[in-house]
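Please work from the sequences and hints to get the whole structure.
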Amino acid sequence: MNSLRSLYILMLCLSLMFMGTGCWDQVELNRASLITGMALEPGQNMKYRVTFETVNALETDPNKGGKGGTPTALYTKEGNSIAEATSRLNESLERMPLLAHIRVIIIDEKLAREGINQFMDVLQRNRYVREDVLVLVAKGYPASDFLKTVYARGQYASYKIQTQVETYRQVFGGIPRSHLYDIAQALLTEGRVLMLGAITISGDVEKSESLDAIKTVYPAAVVRTAGAAVFRGDKLIGYLSNEQTRMVMLASDYVSNTLFSLPGPGGKPTSPGAIGVQFYHMHSHMHVSMDGDKPIFKLHVEGDGKITSIDRNIKLTKIQGFNTVEQLTSDYVNEKMQETFTYVQKEFGVDVFGFGEHYYRYHFRKYKPLAKEWNTLFSRADLDVKSDFTLRRPDLKTQKIEKEGIGP
Amino acid sequence: MTLSKVNTVDTFTLQLVFLLSTSIIFGTPSVVPDSWLVGIVAFFPACLLIVIYSTMLALQEDRGLYPMLEKAWGKVIGKGFVLIYSTYFLYIAARNIRDMIELIMSTLLRMTPVPLLTTMFVLLIAYTVLGGLHAIARFASLILWLILFMLLTLAILLMFSSSIILEQMLPFLSKGMWPVVKSAFSFSIWFPYGEIIVFLVFQPQLGGAKGFRKITLYAFLSTCIILSLTDLIQIWTLGLEDKKYSVFALLDAARLINIANIITRMDAIIALIIIFGTLLKCTVFLLACTEGVARVFNREAKDFAFPLAVVAGAFSILVTRNSAEHVTEGLKYVIYTLHIPLQLLVPLLTLLLIRIRYRKGATT
Amino acid sequence: MNTDNLTTAGEELSSLEKVKQGLKDIFGQTTDLAVVSVHVGQYEGLLCYLTTMTSTDFITGKIVKELSLSEDKEQLSKEETFRELEDCHFSGLKHETLQNMEDSSNKMVLGYAAIFVDGLPLVLAVDVRSLSSRSVEEPTSQNVVRGPKEGFTESADTNMSLIRRRFNNVKLRFEKFELGYMTHTAVYIAYLDGEVEEHILEQVRERLNSAYIDSLFDSGRIEDLLHSKGKSMQLFPTICNSERPDAVCSYMINKRIAVIVDGSPFVLIVPSIFTDFFKSPEDEYQWFVIGSFARYLRYFAFILSLIVPGLYIAVTSYHQELIPSILLTSIAAQREGIPFPAGIEILLMEITFEILREAGTRMPRIVGQTISIVGALVLGEAAVQAGIVSNINVIVVSLTAISGFVAPIYTFGAKVRFFRFGMIILSSLIGLYGLVLGCCLLMVQLTRIESFGVPYLSLFSKWDKRRVT
Amino acid sequence: MIILGILVMMVLGILLMAMLDVLVFQQPFFTVLVQLLPVYPDTSTIYMIIGAFVIAAWVNFKMTDRLKKKYGSKSKNQGGEKRDTKQS
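So the sequences go chain by chain: A, B, C and D.
For any residue, its number in my numbering is found by taking its place in the first sequence, counting from 1, and adding 319.
For any residue, its number in my numbering is found by taking its place in the second sequence, counting from 1, and adding 110.
For any residue, its number in my numbering is found by taking its place in the third sequence, counting from 1, and adding 441.
For any residue, its number in my numbering is found by taking its place in the fourth sequence, counting from 1, and adding 36.
Hints should not be assumed to be uniformly reliable.
Said to hold, decoys possible - Straight line, CA to CA, 20 Å or less: simulated EDC-like cross-link-like pairs of lysine to aspartate or glutamate:
(1) C/K461 / C/D473
(2) A/K685 / B/E351
(3) B/K285 / A/E509
(4) C/K465 / C/D544
(5) C/K590 / C/E578
(6) A/K685 / A/E509
(7) A/K386 / C/E777
(8) C/K696 / C/E616
(9) B/K354 / A/D440
(10) C/K696 / C/D724
(11) A/K685 / B/E277
(12) C/K548 / C/E521
(13) A/K687 / A/D612
(14) C/K459 / C/E543
(15) B/K412 / D/D101
(16) A/K687 / B/E351
(17) A/K458 / A/E525
(18) A/K625 / A/D650
(19) C/K612 / C/E639
(20) A/K554 / A/E621
(21) A/K458 / A/E562
(22) B/K354 / A/D501
(23) A/K687 / B/E277
(24) C/K519 / C/E458
(25) A/K625 / A/E645
(26) A/K665 / A/D703
(27) C/K617 / C/E639
(28) D/K98 / B/D352
(29) A/K687 / B/D352
(30) C/K459 / C/D544
(31) A/K655 / A/E645
(32) A/K691 / B/E351
(33) C/K617 / C/D634
(34) A/K617 / B/E277
(35) B/K115 / C/E638
(36) A/K655 / A/D612
(37) B/K354 / A/E509
(38) A/K366 / A/E403
Worth flagging that the hints you see were computed from the coordinates, not collected in a lab.
Written out as structure tokens, the structure is:
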């Protein structure tokens, strides 16, 4: 038996030796670098130019206190496909690229106009790129500039852009859901149009490449959300502003809390006496019906919120006060919705609101014959918006603080 | 070792985990949009299978499948059929190992050589086979808790990360009911439910005809419910259209979990749970195969465990060259050439033969 | 005279000289052999005993007083005095009459005093055994906050009395076995008649009778003997041991048998299943919610101590996509300058921890405190400062080490630490897949073992009567 | 007998797979069989099959028992008086 026992010990040592070298799939953390952002642009002599944002781990850790270098390093590679560009990354990067932690993919405007479906496949097929990666369209600036912006506290650009977009959607709702998964979803489902978030830069990019850009109070260049990019099929056809995107998102029930500021009685948006109404739970239901060959869209928006500011004196102690504000908000929202609807009909002629998808899901048989020319039908349709909002409470003050008469 | 009955709850869990384990990875083949209906529709013809098998058992005082084959077809042909069934079980075990390895290679590892992974897995299976049916039944109840817990957390986390949209299942029966019924009859009845024939082999230990009928009915019912629920979750998250394009639908559904960027990236855990399931399923198949081969070459069933397991591993590498061949073979050809004859025709013929042969003489 | 004496030493014991010579031959020059000439009735006699097996005042108090009483009786023949001595004087003590020298010497070794009468072939052996043993103290290895503080001691008699005192029940049975043909140690099994499964009792008796070992000093030795025969290497212990009489009694109530070995404070509980190793008696004395919470905590700690090092290696060097990005960047930042791969680093720290633990137990108590200070501060901090080991590695190793000690039964904890090394090696070879295979192996092993026909880990199946393993 | 069993199962398995491949690839039986045999890229399956046969031989000729007899270790609890050395 003891000969067998010595055999066991020998095997154990063998496996230990094996362990030292580590086997096939082992990628040591200090011999790998995280890729957290990608910017896709049309290349000069190759089809695509891909800029990778790699993270220098020591810098991103504030309490670790790196040597003050920039937390990220950008590498640009050209290739006839995204996969080729990624595999050529090691021409200049010495470590193994880890694609698992990509947060943001920024597509250049020119590429988006040619159609994004031709190069999207590698991102959907690769197991490392998660489905909840943000895909954004760069408006007005080349895509790689967005990764050049620098921020304090060791934050890297793509982390900042992702958190900014997420919080903006929660607070205001002015940017659509534009994850990788939504692209596949939009391209496949009937009657649904692809809408991606658009971002732009305010400030001058050249100055913001080095760390001293964040020493000034007013940062040199800041990434700003710019509403939504509308696609016909997979080709970019135009942009919507933040407010219009919010209205479209509200129609397709993606917005839960937002704030409307109703203009004063003067009729012009800048007239004094505006009222701010904050909503926390908003829902919208659609109903699509065909009248002959003209579709009728009924949209019912409900909201539950509170009054945040009144610039003119409305007595909120009386029920009448609340009713007037609710009436004002619903008129404002109906009017804005109608405005956006006609703008989209004229400008893009593409069903951005999701009425087609609703009709496809709930009345498949009726929708089937119309499927081909739904967009033309959409641009002829008319919208009937009904919204009822309930405002619960005026926060801390009953009405606007003004002196009514003499004495208390 | 006296052959004592495995208690009923353990048999139920064994059959349930056996039916659930591989069909969870791929779900019912999404040839038809409403694939979750296919699972439910396939339940009723599957009961027909139970009826055939339990009458076979009742006729022969609960002796296993192999003695019944020999009794019905006589010594030589009977032994031939036993060998055919053993190869059939070995082949399915090889296919299951191949499925699992495909999953591992596309979610967890990349460059590790497949033969090494298969050999380690196969040696583990052989070790479990040595344990005998009682140990496997208890192991099944352990895994059942794991699988149910995993499915539950998956559903809850998906709900919290608000990626379950009920509307996505909606164009309900857009192509009408007939494709669903057709796919139920041509695929789903054989794939998860038909494989219950393996349990005919261990009948003396699993509680005879009456027990078999009752337990398998409950097992089929709960499998049908759990499977259609998993399919529903996949459809709710991925949408009817997108489900066709993902190789591992449950995995893609699990990748959508993202709660405040902390509880995210759960897909590897799904892959791990499926390893447990496949381990159990291959063990049961190999146990049946070793039983058959031992019966033909009249040696102890335990001796065949390790060699046969390694052969199954070798077959799992040889069985297909690429996944397209794997899928087409699995969906179309294996069903017509293997599942239908061996799960339906041969049992029916054996039934008739026994009834004719032993109608006149006393039932020996 | 000497020669024939040797041959006939067994049968005829008439003259005292022969007896003395016979004893000299058997016992040699052991200093603790006492041969005292004494008066039995009116006749000369010899009192022989081993001084180490009894206390002197016991001998003077009991035996000598009785013998002197028998002196002033009237004239009786040798047999009557011997009978009278046996019936009335020593009736209180356990005694036997023997014929030959070999039996009497065997009895003397077990703590009996042998009384020879000149010219009478009979020998009276009286039980005078009274060993000084440790008094009942608090158990060292399994202590509880709320619960009795009594622990078992080395002597089997006090252990049995501790158990009997808790069971004022006629059904409690003790059975004596003798093991080890060199040491003849006494092994008792205690059980509640009617409660215990008959076929388990049969197996235990059969195993103890057929046990073939030369010496037995601690109950640990017979643990693997009590295992079922022919089973290959069992990864998990199937016999639970405990130092606390209340724990043993609570086990005995739900159908267990206690095996008490003379000379070892650890009483074995047979058959024991997986959940017994996580039961500490304290759980019953508290509110059941807290008790069960503590128990689930132990299960969680058991799993933690097995899985966490393997998981750490797999996640940092094989599947980076499994952990959120912020956590990964912070780990990457810490591991920037570390020379070793994660597997070797964890193994290094585990081995240093094992050395520390071993030194802590072997080191005499007073110096023990320094070990923990040296270990934690010097090795942990210095290694991190020197950049050999990363911070998170120290956290992982210490977390697993501590959670390894949560199992109430020490031997179980020791085995779990052994599996952890296996998991580390597996997960550093092929990542998470290896870890899962390791878990599968353990789970398969768990569900396969049966201790005495009782399934080791079964959620549903009750005890299986007919299985014999 | 075990080696024979394994051989039979091997042949039957390969025949089954070849039959299925004939159906799937619609090629004649022999070309399919050649592709199926453990030639590149599955050369490792040859080692596995050889391994299977080695284990089968090992179990068939009860090598472990022979090895035990040959260098059976002097287990500790032997020795002492010449009792009947019944191995426990």
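We went through each hint and held it up to the structure:
Taken as a hint, the C/K461 and C/D473 pair is honoured in the structure, with Cα atoms around 15 Å apart against an allowance of 20 Å. A distance of roughly 19 Å separates the Cα atoms of A/K685 and B/E351; the hinted pair therefore holds under the 20 Å criterion. As the CA atoms of B/K285 and A/E509 are separated by approximately 15 Å, the hinted pair is consistent with the 20 Å bound. Of the pairs offered as hints, the one joining C/K465 and C/D544 holds, with about 15 Å between alpha carbons and a cut-off of 20 Å not exceeded.
Proximity of C/K590 to C/E578 is assessed by CA-CA distance (about 7 Å); at most 20 Å being required, the pair is judged to hold. Simply put, A/K685 and A/E509 have alpha-carbon atoms about 13 Å apart, close enough for the 20 Å limit, and the pair holds. Restraint check: the Cα-Cα separation between A/K386 and C/E777 comes to about 14 Å, which is no more than 20 Å; the hinted pair holds. Restraint check for C/K696 and C/E616: satisfied, since their Cα atoms lie roughly 16 Å apart, inside the 20 Å limit.
Between B/K354 and A/D440 the alpha-carbon distance is near 16 Å, which keeps this suggested pair within the 20 Å criterion. At roughly 19 Å between alpha-carbon atoms, C/K696 and C/D724 fall within 20 Å of each other, so this suggested pair holds. A C-alpha spacing of about 17 Å is found between A/K685 and B/E277, which places the hinted pair at or below 20 Å, so the restraint holds. Pair hint C/K548 plus C/E521 does not hold up; C-alpha atoms about 24 Å apart against a cutoff of 20 Å.
Simply put, A/K687 and A/D612 have alpha-carbon atoms about 14 Å apart, close enough for the 20 Å limit, and the pair holds. A C-alpha spacing of about 14 Å is found between C/K459 and C/E543, which places the hinted pair at or below 20 Å, so the restraint holds. The hinted pair formed by B/K412 and D/D101 meets the criterion: a straight-line CA distance of about 16 Å does not exceed 20 Å. As the CA atoms of A/K687 and B/E351 are separated by approximately 15 Å, the hinted pair is consistent with the 20 Å bound.
Simply put, A/K458 and A/E525 have alpha-carbon atoms about 17 Å apart, close enough for the 20 Å limit, and the pair holds. A threshold of 20 Å between alpha carbons decides the hint, and for A/K625 with A/D650 the separation of about 17 Å falls inside it, so the pair holds. Our distance criterion of 20 Å between C-alpha atoms is met by C/K612 and C/E639, whose separation comes to about 14 Å. Simply put, A/K554 and A/E621 have alpha-carbon atoms about 33 Å apart, too far for the 20 Å limit, and the pair is violated.
With a C-alpha separation of about 17 Å, the suggested pair A/K458 and A/E562 falls inside the 20 Å cut-off, and the hint holds. With a C-alpha separation of about 16 Å, the suggested pairing of B/K354 with A/D501 holds against the 20 Å cut-off. For the suggested pair A/K687 and B/E277, the alpha carbons sit about 18 Å apart, so the restraint of at most 20 Å is met. A C-alpha spacing of about 18 Å is found between C/K519 and C/E458, which places the hinted pair at or below 20 Å, so the restraint holds.
Among the hinted pairs, A/K625 with A/E645 is consistent with the structure: their alpha-carbon atoms are about 10 Å apart, no more than 20 Å. Simply put, A/K665 and A/D703 have alpha-carbon atoms about 17 Å apart, close enough for the 20 Å limit, and the pair holds. For the given pair, C/K617 sits about 18 Å from C/E639 by alpha-carbon distance, which is consistent with the 20 Å threshold. About 56 Å separates the Cα atoms of D/K98 and B/D352, which puts this hinted pair outside 20 Å; it is violated.
Between A/K687 and B/D352, the direct Cα distance comes to roughly 19 Å. Compliance with the 20 Å bound is thereby established for this hinted pair. At most 20 Å may separate the alpha-carbon atoms for a hinted pair to count; C/K459 and C/D544 meet this at roughly 16 Å. With a CA separation close to 15 Å, the supplied pair A/K655 and A/E645 stays within the 20 Å bound. Straight-line distance between C-alpha atoms of A/K691 and B/E351 comes to about 18 Å, which keeps the hinted pair within the 20 Å bound.
This hinted pair checks out: C/K617 and C/D634 have alpha carbons roughly 15 Å apart, not beyond 20 Å. Of the supplied pair hints, the one linking A/K617 and B/E277 holds, its CA atoms being roughly 18 Å apart against a limit of 20 Å. For the suggested pair B/K115 and C/E638, the alpha carbons sit about 19 Å apart, so the restraint of at most 20 Å is met. The suggested pairing of A/K655 with A/D612 is violated, with an alpha-carbon distance near 26 Å, which exceeds 20 Å.
Annotation: proposed proximity of B/K354 to A/E509 holds, straight-line Cα distance about 15 Å (limit 20 Å). Proximity of A/K366 to A/E403 is assessed by CA-CA distance (about 11 Å); at most 20 Å being required, the pair is judged to hold.
The earlier numbered hints that this structure contradicts are 12, 20, 28 and 36.
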